[in-house]
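Throw the hints in and build the complete structure from the sequences for me.
Under the numbering used here, residues 199 to 366 are what the sequence shown spells out, in order.
Since the hints were made in silico from the structure, they are not lab data. Ideal placement from N, C-alpha and C gives every residue a C-beta, glycine not left out. Check before you lean on any hint, since a few could be wrong.
Here are the in silico distance ranges between beta carbons for each label pair [stated by the list, open to error]:
(1) R263 - A340: 35 to 43 Å
(2) T355 - N285: 17 to 25 Å
(3) E228 - Q290: 39 to 47 Å
(4) R263 - R322: 15 to 23 Å
(5) D261 - V287: 43 to 51 Å
(6) T354 - D261: 34 to 42 Å
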Amino acid sequence: MLIDAGPRDQRPVQGLPNYGLIYRGEALPEDLTIAGAVRVTLHVQSSRPDTDFIAKLIDLHPDGRAMLLMDGVMRAMYRDGSGVPHNLVSGQVYRLTIELGHIHYTFPAGHRIEVDITSSNFPRRARNTNSGNPVLANDTDADIRVAANTVHHAETTPSFVELSVLSR
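In structure tokens, the structure reads:
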């Protein structure tokens with residue numbers, strides 16, 4: 199399946215039941231240019247041994263369009279970067295960082311910066327059955343498990359986005 203390149207309005211998927219979390223900043227009083235790496239750090243927990251966390255950077259237009267600029271995914275069982283799977287323990291909080299890539303973009307005045315956190319971005323990203331089986335394990339529909347995921351925001355377990363802002 200091919201997905202056309204370029205920004206996509208996220209409103210249709212945002213309206214789905216259990217879409218995820220949407221964080222919206224205030225309307226920008228003036229143009230804001232970002233340049234460089236974008237990353238999202240989350241403190242999370244899950245009821246399943248594995249799940250995905252997807253972060254989307256979105257330009258929210260004054261007319262309501264939510265235009266996807268970039269996204270990234272972290273398969274939680276591979277969160278340490280070693281390539282060795284480590285299942286999640288239900289109830290335990292984990293820190294993970296999602297790299298979205300590099301960008302140079304100007305948000306016009308009146309627009310808002312939005313960050314969405316979801317656990318699926320199918321068909322753009324391969325599905326995760328949340329079974330804890332390794333990637334490409336040929337899971338079937340019988341392996342699919344619904345995950346109850348939590349994103350934490352406490353002082354000791356902050357979740358945040360990092361953007362490099364160009365000064366004038």
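Status of each hint after checking the structure:
no.: 1; hint: R263 - A340: 35 to 43 Å; result: holds, 39 Å
no.: 2; hint: T355 - N285: 17 to 25 Å; result: holds, 20 Å
no.: 3; hint: E228 - Q290: 39 to 47 Å; result: holds, 43 Å
no.: 4; hint: R263 - R322: 15 to 23 Å; result: holds, 18 Å
no.: 5; hint: D261 - V287: 43 to 51 Å; result: holds, 44 Å
no.: 6; hint: T354 - D261: 34 to 42 Å; result: holds, 39 Å
Consistency with the previously given hints is maintained throughout, with no hint failing.
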